[in-house]
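Trainee: Sequence:
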Amino acid sequence: CPYSEYQDWYKLGSLCVKYYSTPLKFTDAEIFCRREVPGGHLVSVQSNDSNSNISELQQQNNNGSTPHIWLGAYKIFQTNEFLWTDGSTWDFKNWVPGQPDNTRDTEDTEDCVEMNWKKEGGWNDHHCSEKKSYMCVFKQSA
Numbered sequence: 001c002p003y004s005e006y007q008d009w010y011k012l013g014s015l016c017v018k019y020y021s022t023p024l025k026f027t028d029a030e031i032f033c034r035r036e037v038p039g040g041h042l043v044s045v046q047s048n049d050s051n052s053n054i055s056e057l058q059q060q061n062n063n064g065s066t067p068h069i070w071l072g073a074y075k076i077f078q079t080n081e082f083l084w085t086d087g088s089t090w091d092f093k094n095w096v097p098g099q100p101d102n103t104r105d106t107e108d109t110e111d112c113v114e115m116n117w118k119k120e121g122g123w124n125d126h127h128c129s130e131k132k133s134y135m136c137v138f139k140q141s142a
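In case it helps, the UniProt record's numbering puts the sequence shown at residues 1 to 142.
Any given hint could be a false lead.
Below are the DSSO-like pairs computed for lysine-lysine, each with C-alpha atoms no more than 30 Å apart in a straight line [unchecked claim]: (1) Lys119 / Lys131; (2) Lys132 / Lys25; (3) Lys75 / Lys131; (4) Lys118 / Lys132; (5) Lys139 / Lys93; (6) Lys118 / Lys131; (7) Lys25 / Lys11; (8) Lys93 / Lys25; (9) Lys118 / Lys139; (10) Lys119 / Lys25; (11) Lys11 / Lys119; (12) Lys75 / Lys119.
Okay, the calculated beta carbon distance ranges per label pair [said to hold, decoys possible]: (13) Ser14 / Glu56: 29 to 35 Å; (14) Thr27 / Trp95: 21 to 27 Å; (15) Gln46 / Thr79: 17 to 23 Å; (16) Lys118 / Gln78: 29 to 35 Å; (17) Asn63 / Glu36: 34 to 40 Å.
It should be emphasised that the hints constitute simulated quantities derived from the structure, not laboratory data.
Quick reminder that beta carbons are idealized off the backbone N, C-alpha and C, glycines included.
Go ahead and model the full structure; you've got the sequences and the hints to work with.
Mentor: Structure below.
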């Protein structure tokens, strides 16, 4: 990535991405990404290639820890539609078969999205209160 202070970030097209292994709740991870770098967010996925690249980076960096990371996607409870925290268009999805299912025997609904590299980068809706590893992303300036 373009600047010396971002040497430990990976370049994916016009994006810079960094894996963080310290688990955080979804909202805390998004806040961390916003504070970490100008224009930062949890990673959003716009294509199959992007999904594969992010899944591969996750697998390379997790050192045998959990195969799940937060993506920057969440569900609006009024409409049950998913959105990206960076405001990008929700026009690609890679749900594991049977997902999203919003199931669990608690009152806490599954309103956030995780990626699992052991399931070929497949997505699952999950409880936002769970702590997971995550990736931050920012777009390089032209």
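Trainee: Given the hint that Lys25 pairs with Lys11, does the C-alpha gap stay at or below 30 Å?
Mentor: 25 Å, holds
Trainee: Does Lys139 pair with Lys93 here, judged by a C-alpha cut-off of 30 Å?
Mentor: 21 Å, holds
Trainee: Holds or violated: the 29 to 35 Å window for the beta-carbon distance between Ser14 and Glu56?
Mentor: 18 Å, violated
Trainee: Would you check the hint for Lys119 and Lys25, treating anything up to 30 Å between C-alpha atoms as holding?
Mentor: Given pair Lys119, Lys25 holds - Cα atoms ~22 Å apart, limit 30 Å.
Trainee: Against the 30 Å threshold, does the CA-CA distance of Lys118 and Lys131 hold or violate the hint?
Mentor: Roughly 18 Å separates the two Cα atoms, so the pair holds.
Trainee: Below or equal to 30 Å on CA atoms is what counts here, so check Lys11 against Lys119.
Mentor: Between Lys11 and Lys119 the Cα gap is close to 24 Å, so the pair holds against 30 Å.
Trainee: Verify the CB-CB distance for Asn63 and Glu36 against the hinted window 34 to 40 Å.
Mentor: 20 Å, violated
Trainee: Assess, step by step, whether the Cα of Lys75 is no farther than 30 Å from the Cα of Lys131, and give holds or violated.
Mentor: 17 Å, holds
Trainee: Need the status of pair Lys118, Lys139: alpha-carbon distance at most 30 Å?
Mentor: It holds: about 27 Å lies between the C-alpha atoms, which stays within 30 Å.
Trainee: Within 30 Å, alpha carbon to alpha carbon, are Lys93 and Lys25?
Mentor: 22 Å, holds
Trainee: Range first: 17 to 23 Å. Now tell me if the beta carbons of Gln46 and Thr79 are that far apart.
Mentor: 21 Å, holds
Trainee: For Lys75 and Lys119, compute the direct alpha-carbon distance and say whether it is at most 30 Å.
Mentor: This hinted pair holds, its Cα atoms lying about 22 Å apart.
The structure shown violates the earlier hints numbered 13, 17.
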